[in-house]
Each structure stands twice: as C-alpha cells, then as structure tokens.
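Enquirer: Protein chains in written order, with the working numbering: chain X, 1 to 387; chain A, 1 to 294.
Take the hints with a grain of salt, since some may be wrong.
Derived pair list, reagent style SDA-like, types lysine to any residue, alpha-carbon separation capped at 20 Å [as the list claims (entries may be wrong)]:
id, chain 1, residue 1, chain 2, residue 2
1, X, 217, A, 253
2, X, 217, A, 130
3, X, 370, A, 123
4, X, 248, A, 130
5, X, 248, A, 125
6, X, 217, A, 256
7, X, 217, A, 257
8, X, 248, X, 210
9, X, 294, A, 110
10, X, 322, X, 65
11, X, 291, X, 370
12, X, 294, A, 111
13, X, 248, A, 123
14, X, 217, A, 258
15, X, 217, A, 8
16, X, 248, A, 129
17, X, 370, A, 54
18, X, 54, X, 74
19, X, 217, A, 260
20, X, 217, A, 7
21, X, 217, A, 254
22, X, 217, A, 129
23, X, 217, A, 255
24, X, 370, A, 122
25, X, 92, X, 120
26, X, 248, A, 124
27, X, 248, A, 136
28, X, 165, X, 191
29, X, 217, A, 128
30, X, 54, X, 298
31, X, 217, A, 138
32, X, 294, A, 112
33, X, 381, X, 337
34, X, 165, X, 196
35, X, 165, X, 195
36, X, 217, A, 6
37, X, 217, A, 259
38, X, 217, A, 5
39, X, 217, A, 4
Hints were generated in silico from the structure; no laboratory data involved.
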Amino acid sequence: MNKLRYATALAGVAAIALSSTVGYLSAAEYKIGAAMAQTGALAPYDQPGLAGFKLGIKDLNAKGGIGGMATVTLEVIDTRSDTAATVNAAQKLIDDGVQFLITPGDADPSIAAGQIGQAAGIPMLNLAGSPSLTPAVGDYMFISYPSDTVQSAALASYATETGYKTAFLLKSPDSAYTSKFPDYFGEAFKKKGGSVVGEASYSMGQPDFSAVVSQIKGLAPQPDVIMTTAYEPDFPAFIKQLRGAGVKIPVIESDAIGTPTVYGLGSVVDGVVQSSAGFPTPGSGMEAFNKRFKEETGHDAETSYEAAGYEWAQLLDAAARKAGSLEPAKIRDALASLEDVQTVLGKVTYAGTERVALRDVAIIRIEGGKPTFLKLYRPTKEEIPNP
Amino acid sequence: MEFVQYLVNILSLGGIYALLALGLAIVFSIVGLINFAHGELMTIAGYLIVLSLSFGLPLPVVLLVACLGAALSAVLMDRIAFRPMRSASVTTLMITSFGVSTICKVLFQNGVSARGRAVALPEWMSGTLTFGGFQIGMVPLTSIVLTALALIGLDIFLRKTTLGVAMRAASEDFVMVSLLGLRANTVIATSFAISGLLAGIAAILWISQRGSVDPLMGFTPVLKAFIAAIIGGLGSLRGAVLGGFVLGALEVGSEPFLTIGTAPYRDAIVLLAVVLLLLVKPDGLLPAVRGVRS
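Starting from the given sequences, assemble the full structure and let the hints guide the process.
Expert: See the structure below:
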C-alpha cells in the first residue's frame, strides 16, 4: 500500500514536472536583463527609467508579448552606481541567459557593461546620452535618449532664433555630460554664426559659486546667454547665487534639470530654458503615458525618464516585428535600421546613424515653477556636431 | 572692495565648515569616534525642512524642527549603533559610522526618493543687501551671523554650565570624569545632541545655498569637516573651528589664482596645502589637550 502510494506520488511529481516543462517551452519567453542603478548617484535617472520600462513590458505582454512572439520577463540587478558592480551585474545577467541588456544611465558604467554585452552579442540600450558611448562599445550598443549632440544642436537653433549672438559656457570636467555637452553646444552655436565669449569651470558638489558669479559679472560686454549642463545640486546652487548677485543674463540648460527640484526653486529659475526628450502637450503620446503611469503606479511621472524607459519596450517590439525573429543578432540589425518608429515621446530613427537616435527635442521654458512648452526641434544630421 | 567680497565668502563658507568640524570634534574628543554619518544628520535636517515647510509652518518653527530633529537623530544614532560598540577601537567605530551612513543613504533613496527635493525657502533668503555700493547676499550674511551665534552659544555652554564643564573635562580625560561620579552616558548623549544641533544649523546654511535636499548630499560636507578637523587637530574644539575657517580661506582664496585649466584641480591644490601644513604641524594647528596618566 505504502509502496503504491509512493509510486503514485512519484508519478504525480513527474507529471507536474513534465507539464511545467512543456508549458515553459510552449509559451516562449524573451528574457531582458536590467543592470541599472537603483541606489547611488545614478538612481535619480535609472529608478524612473526602470519604472517606465516595467510598465512598457507589462503593456507589451498584455498585447501578446514582444513582436507577438514571446512573453517578456525582466531580471533586475541593482548596480549601486558602481562600475565594478555594474560589470558583475552585466556578467551575471548574461550568464542567466538574457537576450537583451539595459545598462546604467551614464557612459562610464555603460561602456564597462557594454564590453561584456558586445562580446556576448547581446544588444543593449540605456538612458545615457553621451554619443561617445556607441563607438566606445561597438555595434551592439544603442542610445535611445536624445544624445548630448542632438540636444546641443536643438539648443543652438533655439539660441540663434532667439537672437543670441554671444554665449558663456559653464562646465565641469567631472563628467562627459557636464564638460562635452556645453562644448557641443558651442560648436553648434558657432556653426550658426554665434560665438563663445568665455567659459568657467566648477567641481560637482561644490556649494560655492561666488567665483564663477563674479567672473560672469565682470564680463564686458555681458554675454547674451549663459549655457550650462550643470544639474542637481550644482545648478540650483549656481542659479540661486547668480540671480542673488543680480545677474539677469538668460540661462539655457539641458534635460537633466527637468525635475520637480529645479522647478520648485521659485523665481530664480523663471525664464530658464532647457531641452528635453519630450513635453506632455495636450493630446501627445507623453501626456497619455504620464496619465497611464499615474494610474498604474499611484504617483506622477516626475521626469521624462519614465517615458524614456517605457519607450524601450516600444523600440524592442518594433525591432522584433521588423526582424521577425528574437535572435539577438537579428534584433540588433533590425534596431539599427528602424525608421520613424512612433513611441510615447515621438518618432525615433536609427537608420543611417551610429546607433544614436535621431529624434525630436523639446525646448521648454520654466515659468512660475512650471515647465511651459516652447518648440519642438528635429536637428538634421548636418546640424548635429560630431562627437 | 574685492577683498571684502572674498572675506565675506571666506567667513560664510568657513563658518559652515567650522560648524561641521566642531560637530565631528565634539564627539571625537569624548568617544573617540569619527562619525562619518554626520552628513546624514544634515540630510535628515534637510528632509525635516521640506516636510515642515509642506505643512505650512512658519520659518522659525521650521528651522527649529530641523535643528532639534537632527539633534534627536544624533542621540538615537548613538543609542542604536554606537553605544553597543563603546569599548571598540577607533577603526571599528569609524567603520560602524560608515555603515550607519550607508544604511541612512539607502533608506533615504528607497524610503523618500532617489531624486532630490526642492527646498522652497522664502525668496528673501536668496536676495542681496546693498551697503554703500557693496553687495552682500542674504545667504552668506545669514551664514556668518548664525555661525557666530552658534559658536558663542556653544562657548557659553561649555564654560558656564556643569554639563559643559563635564564635557570639556571628559574630552581631556574621560576615565577621570567617570571616576568623579558623572554619568558617562549623559555626557556622551549630550555630545551627540550638540553635534546633531550643529549639523542641523550647518544643514540650514548649506541647503539655503544649494536649494535642494537629496539622499547623498551629506558626503561632501562631512568630508570637508573631516579635513577641517584634521587641520585644526583632531579632537580639539577650538582647533576644529580654526580648521574650518582655514579650509574655507584656502578654497575661496585659491579661486583668483585658478585658470580654466587649473580650476578642476582646486580640491587637489587645497589638499596639497593641507598636507604641507600637516608636515609642519603634524598634530594640527591647535592640538587637543589630553590628560596623561603615568
């Protein structure tokens, strides 16, 4: 009796094991790994990016999965904003068999993780906007977010159209974003007839901008505009001290200041103009996304990074449909040839680029603590400075 | 006139460093702990400012809440993390404080937000005052006044009150103070409370300058405070204050000599000056006095 019971139990277990294996095989799975910073200095970008991506995957799976072919699963490893931890995370994810990899929102850790993804032939996306990232890694690395060069071209167009002739650049050598981006702007601005009349440098995290402010105050003639890509906490400190010293020169900025922290600074940021990946104008895809994000998570999408994360799922889906396959190499080829894919943020094109998305850039002006939409620019290849 | 401007900048930046270094020194002199979680006390004070401003409390109450909250957090930090480690070595204590600091940061990132929060301090606080053609920002002015008040207040406390005298004695010879029947834990808790209070005041000044609070903001100030405390002589209270002003003077004073090419090396140049200073005075400018028993 006991023996019989044992045998039945064994058969039952075997049956369950068998059926679950069969089930696993029949419902195809597309596994994505996210080596993203959920803590540390990059968390302000990667946390919202991941939240948006998760929603994107959920929507994708509800519509039949990626390319209608497979259910997407996601494995996340926190990189703690540490490059060594990022490398370990990327290796672990690839060992776990992911077919696509999301790397952190900054060029340095993404270059490190990219070496592993490139060698394994796994296509990659991230929130980093540094255009030097794709040549540093290779043909499996893609940038979806408006790159520093694309944004700088849009900002230069805005500056010349506004009638600015001279610009002052504030840079920090501490990151590519804070040093090269203003240079790209200077290059694009000069191409359009403007000139750079001076520049100053700061260290990230420095609380005191009095020297920079006195330098700007002492310029004769005063520049038409100040361009910087400083972000928190440096930008709030700089703009408070600049306006506090009575300097009224217009300031133009980049996407990284598009946060409630900066908008909440009060009258000192009134009139500051910035570039952004998109703007939730009424009826736009981003407005619909923001609404959906709030319904789903219970809190507002505070930045454009949520939508930029969501967009990855749309880009992947478009690539899979184009490739008709989920093989990493085919997904890579399809991604590289995408043209005018409509996402929540706008139309994205990779065809003819070095895997750096050609796309719209929104120009925004901060008024009364709120971002207001000015204009959409779509820089041409000629306008975009070379990285 | 430019000289006066530099002097104002030195006093305001040096003042913040002095308050922070003093907070580190007061705990170190008594417990032998270099509290690297001191910066997180500032972050806590910052979040309390954001929270109480959102409740619409009047500014003086907001600032009081921030300072008292930081003081209370410092006492709790001691009670939870450091008291069980009381007899541990300086290194163990320091590593514990790194642990506390990391735990706090992760709690802020996952419990509050990884993103910074804007601190909407009143507009007048970012304005300027003009005295006969000379402009001074409200923030530097507040820094100088608050630092002076805090230092004078602390000096009176340490000289005139029994607890203050006990603390000064404890910083020189802790065992002797215990033998004389003073409660060790009260003295230690008070030192943490004062260090928290100083962190709270420093946080108000630091935040009014930067305009936002984020989970990782405590790192830079605590590093500066540590350097200032070393310059002054670790564990010496007067030394910490002097060290703060010296560091402020080095940072602000080096500005006019830096070009666009050398400006990125400002911290390196300042630290090099500190190294040279320590070569001449290895115990710092005003070394701590220690009771030596044979």
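Enquirer: State for each hint whether it applies.
Expert: Results for each hint:
1. X:217 <-> A:253: Holds - the C-alpha atoms of residue 253 of chain A and residue 217 of chain X are around 19 Å apart, at most 20 Å.
2. X:217 <-> A:130: Status holds; Cα separation ~16 Å.
3. X:370 <-> A:123: This hinted pair holds, its Cα atoms lying about 17 Å apart.
4. X:248 <-> A:130: 17 Å, holds
5. X:248 <-> A:125: 18 Å, holds
6. X:217 <-> A:256: Answer holds: residue 217 of chain X to residue 256 of chain A is near 14 Å, not above 20 Å.
7. X:217 <-> A:257: 18 Å, holds
8. X:248 <-> X:210: Holds, at roughly 15 Å.
9. X:294 <-> A:110: Satisfied, since the Cα-Cα distance of roughly 19 Å is no more than 20 Å.
10. X:322 <-> X:65: Given pair residue 322 of chain X, residue 65 of chain X holds - Cα atoms ~15 Å apart, limit 20 Å.
11. X:291 <-> X:370: Holds - the C-alpha atoms of residue 370 of chain X and residue 291 of chain X are around 18 Å apart, at most 20 Å.
12. X:294 <-> A:111: Cα-Cα ~19 Å, so holds.
13. X:248 <-> A:123: Holds, at about 16 Å.
14. X:217 <-> A:258: Measuring from Cα to Cα gives roughly 17 Å; hence the hint holds.
15. X:217 <-> A:8: Roughly 17 Å separates the two Cα atoms, so the pair holds.
16. X:248 <-> A:129: Given that 20 Å is the threshold and the Cα spacing comes to 17 Å, the pair holds.
17. X:370 <-> A:54: The given pair, whose Cα atoms are some 18 Å apart, holds under the 20 Å limit.
18. X:54 <-> X:74: 8 Å, holds
19. X:217 <-> A:260: 17 Å, holds
20. X:217 <-> A:7: 18 Å, holds
21. X:217 <-> A:254: 19 Å, holds
22. X:217 <-> A:129: 17 Å, holds
23. X:217 <-> A:255: 15 Å, holds
24. X:370 <-> A:122: 18 Å, holds
25. X:92 <-> X:120: With a Cα-Cα distance of about 12 Å, the restraint between residue 92 of chain X and residue 120 of chain X holds, given a limit of 20 Å.
26. X:248 <-> A:124: Holds: residue 248 of chain X and residue 124 of chain A sit about 17 Å apart, inside 20 Å.
27. X:248 <-> A:136: Holds - the C-alpha atoms of residue 136 of chain A and residue 248 of chain X are around 17 Å apart, at most 20 Å.
28. X:165 <-> X:191: Measuring from Cα to Cα gives roughly 12 Å; hence the hint holds.
29. X:217 <-> A:128: 15 Å, holds
30. X:54 <-> X:298: Holds, because 14 Å separates the two Cα atoms, which is no more than 20 Å.
31. X:217 <-> A:138: 18 Å, holds
32. X:294 <-> A:112: 18 Å, holds
33. X:381 <-> X:337: Distance ~16 Å between residue 381 of chain X and residue 337 of chain X Cα, so the pair holds.
34. X:165 <-> X:196: 9 Å, holds
35. X:165 <-> X:195: 6 Å, holds
36. X:217 <-> A:6: 15 Å, holds
37. X:217 <-> A:259: Holds, at about 17 Å.
38. X:217 <-> A:5: 13 Å, holds
39. X:217 <-> A:4: 16 Å, holds
Violated hints for the displayed structure: none, as all numbered hints are satisfied.
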